[in-house]
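**Student:** Please build the complete structure, drawing on both the sequences and the hints.
Line by line, the protein sequences give chains A and B.
Each step along the first sequence adds one to the number in the numbering used here, with nothing skipped, and position 246 is 246.
Each step along the second sequence adds one to the number in the numbering used here, with nothing skipped, and position 104 is 104.
Possibly wrong hints are sitting among the right ones.
Said to hold, decoys possible - PhoX-like mimics (lysine-lysine), calculated; alpha carbons at most 25 Å apart, straight line:
1. B:214 to B:17
2. B:222 to B:199
3. B:60 to A:132
4. A:316 to B:17
5. B:139 to B:183
6. B:60 to B:7
7. A:132 to B:153
8. B:199 to B:174
9. B:223 to B:199
10. B:289 to B:199
11. B:153 to B:68
12. A:132 to B:68
13. B:199 to B:153
14. B:7 to B:17
15. A:316 to B:68
Stated by the list, open to error - Some chain A residues judged to face chain B by a derived CB distance under 7 Å, without partners named:
16. 10
17. 12
18. 13
19. 14
20. 23
21. 92
22. 95
23. 100
24. 119
25. 120
26. 121
27. 123
28. 127
29. 128
30. 129
Quick caveat, the hints were computed from the structure, so don't treat them as lab data.
Computed from a predicted model, the values in this text were never measured in an experiment.
For every residue, glycine included, the Cβ atom is placed at its ideal position computed from N, Cα and C.
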Amino acid sequence: MKRSIFDLSYRNYGAALVEHDHAWLPIARHVFLTTIKKKAFWILTGFSGWFYAVTLIIVFVMEQIAQSARQRGAGEAANFLDRIEWKGVFLGGIGTAQMFFCFVAILAGAGAIAADNRANALLAYLSKPCTKSDYVFGKWLGIFLSLMVFSLLPNLIFYFYGALSYHSYGFLSQDKLMFFKLVLLCMVSSAFYTSLILGISSVFNLGRNAGATMAAVYFLGFFFTVMVQSSSMQIDFSNGSVKVNNSVPIRMAFHSSVDGLVLSLAKNMTGSTVGGLPLPQGATGNQPMGISAAPLAYTIPVLALVSFGMTGLAWKRVRAVEVIG
Amino acid sequence: MPVVELKNLTVQYGEFKALQDFTCTIPEGCIGLLGPNGAGKTTLIKTLLGFVEPAEGSAKVLGIDITKEPREVRRRVGYMPEQDCHIPGMTGVGYVAYLAELAGLPPNQALRRAHEVLEYCGLGEARYRNVETFSTGMKQRIKLAQALVHGPKLLLLDEPTNGLDPRGRDEMLKLIIDISRNKQVNVIVSSHLLPDIEKTCQEVVVVFGGRLRKQGNIAELKKIEGLPIDIELKEPSPDFVSALLRRQIMLLNNSGYNYRVQASGAPAVVNRLVMEAARESKAQVRMMKPAERSLEEAFLEVIR
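**Tutor:** Shown next, in the form of structure tokens:
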């Protein structure tokens, strides 16, 4: 007799189901674990900390020089260390990580909804006791947590290393709230990038199209701000000095891109305009000049509007049945 | 308790009415939702799952109002969609366990159940393969597995044999029969393939043009008015026909040694008269049974 290929001893599941109203939890966990299992995620996280790595090398070398110089009675290197504005270093770190932020957002979120759209997976999700809101929030949270890991890791490593090694150079005393500001900044920027990529992903059926669109939005905005920055500079050829037009419209235009909005918030929160280490004393050339932050009254509403708007778009686009009115 | 109760249900896509004034009560067991393509079967299933809001009327699944508590409905119902619905990049067991968690199973239970249900559906060997690499038959099975994993009281199967070869189709139908008859799960099978419905279901609901056309037992549906009888003789016999006519039995149809006859009176009496006619004409009766039409004939008559 031909044996049946299926197991007839099987019994239907009779145990109680979890009466939870948070079906978003498995979704978030799945998105997060899928992202952090990718090698590219860790490579990009590592690269995003390049600014801090370079800063640490410079500060380490300067510290070594300062120690040997002190023994000779010369304190130029020690003077350099004393002049470091750590908030500027953090601003530099956050600013240079923005492009990697965009790449990781694409890595984590481009296919989040687009791939499900393509594979009709929404039918599988929504046929379970999982609402549209659970689905969107789960995806959002999964991407957000991935981006939080990405953004917090280099910042916190640098922060704790700095707190232990450079507290004598004002690392902790310059801004006692820097730790909380960093965490808050990482949260806001992660939420912003998450909402953006989720909204874009929901519009497409292919993750790569969503990723390309996100990259286009990021880089077009970036080029626009570069043009704004160039037009804001006034060079006096008679003495070679450069002045920056720091009017409010210029500041708003400069900070209207994806990374610009995050940078504006970072500038407002750190209270710094120029990121990086100070030039050595006596160095020739102009001090780097930055455009001041856009007003918070502009930055926060725009960040909130884009974030809620894109998440709302994702929520609107997600549906199990394509209804043509 | 009826598994589905619909009262004047109307579902609209814009101006188009996909379901109109649909009233029916679907009992427990394995029920076929029969209708040609575009009849409204899938819309009905999606409405039952709460994917589409009814414009008018009400619907209850397992006694729960679909508009008030759609989440509760989906907790008790398993749905196997017509089209593929795999989650990209997942293995078979990962996919089923993930959906089990979404359905409310604790994570460790979800994984255990995923293994069990995949074994049951004949995917034990393939459970660690990426779902995207599955054949059509395997994809159909994994859709059934994900629908079953949380132990639903009602399974909604939308065209479960779509794209399957004869062997795969046969195995899928055997699975459906086993689920409905031996596992105490109510099943609604939506299909336009009449043999599939006939093989798996006891009752059918015929949908056409968004309206309920007929509901009832398949055997009843196939019955022909006047209760004719089909007779098969060993060899053709004109004497048998004459003997029948002498007993007021009408010959409806004759092809070779097959005869379809009809007479007024109780079936037992007619049977006795037929046997008497056979004895008188010395014809050997090989088979005698109440005549019935095929489900296809019955279906065509219903939707005509």
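**Student:** Each of the hints needs a verdict: does it hold here or not?
**Tutor:** Against the structure, the hints:
For the suggested pair residue 214 of chain B and residue 17 of chain B, the alpha carbons sit about 19 Å apart, so the restraint of at most 25 Å is met. Under the criterion of a C-alpha separation no larger than 25 Å, the hint pairing residue 222 of chain B with residue 199 of chain B is consistent with the structure, at around 14 Å. In summary, the hint linking residue 60 of chain B to residue 132 of chain A is supported, as the alpha carbons are separated by about 21 Å, within the 25 Å threshold. About 23 Å separates the Cα atoms of residue 316 of chain A and residue 17 of chain B, which keeps this hinted pair within 25 Å; it holds.
For a cut-off of 25 Å, the pair hint linking residue 139 of chain B to residue 183 of chain B stands: about 22 Å separates their Cα positions. Between residue 60 of chain B and residue 7 of chain B the alpha-carbon distance is near 9 Å, which keeps this suggested pair within the 25 Å criterion. Annotation: proposed proximity of residue 132 of chain A to residue 153 of chain B holds, straight-line Cα distance about 23 Å (limit 25 Å). Between residue 199 of chain B and residue 174 of chain B the CA atoms are separated by roughly 9 Å; this keeps the pair inside 25 Å, and the hint holds.
Taken as a hint, the residue 223 of chain B and residue 199 of chain B pair is honoured in the structure, with Cα atoms around 17 Å apart against an allowance of 25 Å. For the given pair, residue 289 of chain B sits about 20 Å from residue 199 of chain B by alpha-carbon distance, which is consistent with the 25 Å threshold. For the given pair, residue 153 of chain B sits about 19 Å from residue 68 of chain B by alpha-carbon distance, which is consistent with the 25 Å threshold. The hinted pair formed by residue 132 of chain A and residue 68 of chain B meets the criterion: a straight-line CA distance of about 16 Å does not exceed 25 Å.
Proposed proximity of residue 199 of chain B and residue 153 of chain B is supported: the alpha carbons are some 21 Å apart, at most 25 Å. Under the criterion of a C-alpha separation no larger than 25 Å, the hint pairing residue 7 of chain B with residue 17 of chain B is consistent with the structure, at around 16 Å. Pair hint residue 316 of chain A plus residue 68 of chain B holds up; C-alpha atoms about 21 Å apart against a cutoff of 25 Å. The closest approach between the C-beta of residue 10 of chain A and any C-beta of chain B is roughly 4 Å, which is under the 7 Å cut-off, so the hint is satisfied.
Interface restraint check for residue 12 of chain A: the shortest CB-CB distance to chain B comes to about 5 Å, inside 7 Å, so the restraint holds. Below 7 Å, beta-carbon pairs count as interface contacts, and residue 13 of chain A has one with chain B at about 3 Å; its hint therefore holds. Checking residue 14 of chain A against chain B: minimum C-beta separation of about 6 Å stays under 7 Å; hint holds. Interface hint status for residue 23 of chain A: upheld, as the beta-carbon distance to the closest one in chain B is roughly 5 Å, under 7 Å.
The beta carbon of residue 92 of chain A is not positioned within 7 Å of any beta carbon in chain B (closest approach about 36 Å), and the interface hint is therefore violated. A hinted interface residue such as residue 95 of chain A counts as satisfied when its beta carbon comes closer than 7 Å to some beta carbon of chain B; here the least separation is about 33 Å, so the hint is violated. The closest approach between the C-beta of residue 100 of chain A and any C-beta of chain B is roughly 23 Å, which is over the 7 Å cut-off, so the hint fails. Because the beta carbon of residue 119 of chain A sits about 5 Å from the nearest beta carbon in chain B, less than 7 Å, this interface hint is met.
Evaluation of the residue 120 of chain A hint against chain B yields a held restraint, the C-beta minimum of about 5 Å falling below 7 Å. The restraint placing residue 121 of chain A at the interface with chain B holds, with a minimum CB-CB distance near 5 Å, inside the 7 Å limit. Annotation: residue 123 of chain A was flagged as interfacial toward chain B, and the flag holds, the nearest CB pair being 4 Å apart, inside 7 Å. The interface hint given for residue 127 of chain A holds, since its Cβ lies 4 Å from the closest Cβ of chain B, which is under the 7 Å cut-off.
Nearest Cβ of chain B to the Cβ of residue 128 of chain A: about 4 Å, under the 7 Å cut. The hint holds. Among the interface hints, the one on residue 129 of chain A holds; its C-beta lies about 4 Å from the nearest C-beta in chain B, closer than the 7 Å criterion.
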